[in-house]
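**Student:** Generate the whole structure from the sequences, applying the supplied hints.
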Amino acid sequence: MVKIDELNPIYLKDETKQKVRKSFLHSDFPAVMLNEFFSKEFYAELKKKISSLNFKRDTIVLHHSYDRSSMAISSAELNMFLSFVTKKKVEDMNFTVIRLGWKDYQILHDRYLEKNPGVDIILDITDAWDNEWGGMVTYTDGRGMVYPLAPAGNSLAIIERKKNLHKYFQYANHYAEEKKRVFLIATI
Amino acid sequence: MTLNKWINPEYLSEEKSKKLQSTFSSNQPFPHLELPHFLKQEKIISLLQTLGDQEFAPHHSDLFQFAQTKDLLYTDDPVLKEFIGLLSSPEMIDLMQKITKIKLKGKIDLFGSIYQDTDYLLPHDDQLSGRKIAFMFYLNDLEEKDGGALGLYEVKNKTPSKIAARFIPKAGTLIFFAVSDLSIHTVEEILTDTQRITLSGWYYG
Numbered sequence: 001m002v003k004i005d006e007l008n009p010i011y012l013k014d015e016t017k018q019k020v021r022k023s024f025l026h027s028d029f030p031a032v033m034l035n036e037f038f039s040k041e042f043y044a045e046l047k048k049k050i051s052s053l054n055f056k057r058d059t060i061v062l063h064h065s066y067d068r069s070s071m072a073i074s075s076a077e078l079n080m081f082l083s084f085v086t087k088k089k090v091e092d093m094n095f096t097v098i099r100l101g102w103k104d105y106q107i108l109h110d111r112y113l114e115k116n117p118g119v120d121i122i123l124d125i126t127d128a129w130d131n132e133w134g135g136m137v138t139y140t141d142g143r144g145m146v147y148p149l150a151p152a153g154n155s156l157a158i159i160e161r162k163k164n165l166h167k168y169f170q171y172a173n174h175y176a177e178e179k180k181r182v183f184l185i186a187t188i
Numbered sequence: 189m190t191l192n193k194w195i196n197p198e199y200l201s202e203e204k205s206k207k208l209q210s211t212f213s214s215n216q217p218f219p220h221l222e223l224p225h226f227l228k229q230e231k232i233i234s235l236l237q238t239l240g241d242q243e244f245a246p247h248h249s250d251l252f253q254f255a256q257t258k259d260l261l262y263t264d265d266p267v268l269k270e271f272i273g274l275l276s277s278p279e280m281i282d283l284m285q286k287i288t289k290i291k292l293k294g295k296i297d298l299f300g301s302i303y304q305d306t307d308y309l310l311p312h313d314d315q316l317s318g319r320k321i322a323f324m325f326y327l328n329d330l331e332e333k334d335g336g337a338l339g340l341y342e343v344k345n346k347t348p349s350k351i352a353a354r355f356i357p358k359a360g361t362l363i364f365f366a367v368s369d370l371s372i373h374t375v376e377e378i379l380t381d382t383q384r385i386t387l388s389g390w391y392y393g
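Going down the list, the protein sequences come from chains Y and H.
Read left to right, the first sequence gives residues 1 to 188 (this note's numbering).
Read left to right, the second sequence gives residues 189 to 393 (this note's numbering).
Don't read these hints as lab results, they were simulated from the structure.
Even for Gly, the Cβ is constructed at its ideal location relative to N, Cα and C.
There could be a bad hint or two in this list.
Below, computed lysine-lysine pairings styled on DSSO-like, alpha-carbon distance capped at 27 Å [what the hints assert, rightly or not]: (1) Y:K180 to H:K333; (2) Y:K115 to Y:K49; (3) Y:K103 to H:K228; (4) H:K346 to H:K228.
Chain Y side only, calculated, beta carbon under 7 Å to chain H, not exhaustive [to be verified]: (5) T59; (6) V61; (7) L62; (8) H64; (9) Y105; (10) L108; (11) L165; (12) Y168; (13) Y171.
**Tutor:** Shown next as structure tokens:
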């Protein structure tokens, strides 16, 4: 369990929260990506904790291949911020931690599609990753709309996953070499 | 259509068909065949030259990244028209039916594909209404270091587990397999500047 009270102070200001909520609720694609979300000190602490997690190799050939772990995050500030932006009740979340390396992916497959809509919360802790290496979390409605989230360390993405909106993890190619792309996902 | 204009004559005898039939059905992890030097050398060159005049559009999704032509059935190119005529000729359909024991209607699809550095096709089974046999003609040579191998998955308890057969593209080779819920396959990522150039499609039944 990680105790967080270390959001970047800018995200605690009413004016900022109002802007983020407006952007999230009223954009064509209901999503916001917030950079430098945590304080630098806390972000460093979070990365340290994640690096000490035990990851398990998780492969379902027709759906995904990556390393997976989990982490509970308890933060009144984070919960209040997300509640305000999404207008949903948010309690402490248990995040799935995904670690992608070369040859890893997640495909859209009928058998494994998320059935229920929700709001995805993605904390990205990938600091040195080139988009050319793939591995982007990408949302699509299956009718041509594609919304890739560019990797950015210490960012928080909030995405309303409506019916027929699904996500996949783009294949990570050989230019990634030994590097890893790590992010945390939870759904509210 | 005379098959021996395009195809290595060693594949056209009755005796050979019977052998291939046995090999096709017994090959693991699911029925398939690899036929090296299936196309004559001059036809490989001719197809490569004519594909050079075709437009390849980049395609990418959760499942793949490569460049592909439009469906070549509607091409005006004389070489490709002749090649399509070969593939959909009664003689070729008869040969494919003899080898696979799968009833075919004569309808086919055909696309040119180019995979280049970092391109891939992730595991899937190719099943779509009416598709009976998936086929691919390799038009250039790749080596192990280039990537781009075709991998066929072993399926246990309806779950694909590991690649059980792997084919590195060689010019003139024809590979085909029966499309079913077992036919999980992949094209491994291209790792070098060597392109992987193919003509591929499906026979329908």
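**Student:** Where does the structure disagree with the numbered hints, that is, which hint numbers, in rising order?
**Tutor:** 2, 3, 4, 5, 8 and 11
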